Amino acid sequence: MALVLSGTFVLPAAGLKTKKTMETDVQATTATSGFYSFKMKTLDNKTIDFSKYKGKKVLLVNTASECGYTPQYAELQKLHETHGKDVFILGFPANNFGEQESGTDEQIASFCQKNFGVTFQMFSKVSVIGADRTPLYTWLEKNAPNHDKPSWNFCKYLVDEKGKVVGFYPSKVKPMSEELLAAIKK
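Quick note: the sequence shown, position 100, residue 133 per the working numbering, numbers continuous.
Hints listed in this document are in silico derivations from the structure and should not be mistaken for laboratory results. Remember, it's a predicted structure, so these values are computed and weren't measured experimentally. A couple of the hints might just be wrong.
Quick list of in silico lysine-lysine cross-link-like pairs, DSS-like style, CA-CA up to 27 angstroms [unchecked claim]:
1) LYS111 x LYS219
2) LYS205 x LYS90
3) LYS72 x LYS118
4) LYS79 x LYS118
5) LYS87 x LYS207
Based on the sequences and whatever the hints tell you, model everything.
Next up, the structure:
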């Protein structure tokens with residue numbers, strides 16, 4: 034039930050929640066639930082249920098197409114090709130740092146395929162910091178060993194086979210670095 038104040042403004046009646054409030058409640062619930070409770074849209078608008086990653090290691094990376102770290106796409110692809118049985122790689126394009134990912138999902142998909150042959154799972158563009166960040170990144174920060182959050186593009190979170198965040202790696206840590214490979218093989 035809504036209260037109409039004028040011909041164009043509609044406010045919810047006392048005690049009723051708006052659609053935005055209900056969406057925030059759902060996001061808050063997901064953000065406090067486990068890793069496997071998330072469902073996210075891919076670049077081609079399909080929904081991936083994270084429960085499919087139970088029992089697997091997962092590397093989550095916030096990506097950008099116009100960043101000095103963008104060449105890490107090539108190493109992420111190599112990691113996917115050489116260690117795909119050990120770890121799933123999930124890319125999350127974000128425009129939070131230097132506005133270096135301004136493209137649409139379709140443009141991002143084309144860029145990744147054309148320039149780096151990306152075949153690992155890429156998701157729809159999200160926000161990874163700030164008030165509008167996706168609940169997944171709220172959860173990652175809350176559950177990271179030092180409550181780390183992305184400070185730039187190509188930061189990485191490693192989630193173990195039980196859905197626990199076991200590591201955070203800043204942008205400068207390359208996907209094929211000894212440090213990250215050792216953590217994946219651990």
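Hint-by-hint comparison with the structure:
Note on LYS111 and LYS219: the hinted pairing holds, with a Cα-Cα distance of about 19 angstroms set against a maximum of 27 angstroms. Restraint check: the Cα-Cα separation between LYS205 and LYS90 comes to about 21 angstroms, which is no more than 27 angstroms; the hinted pair holds. Under the criterion of a C-alpha separation no larger than 27 angstroms, the hint pairing LYS72 with LYS118 is consistent with the structure, at around 22 angstroms. This hinted pair checks out: LYS79 and LYS118 have alpha carbons roughly 23 angstroms apart, not beyond 27 angstroms.
The straight-line distance between the Cα atoms of LYS87 and LYS207 is roughly 25 angstroms, inside the 27 angstroms bound, and the hint therefore holds.
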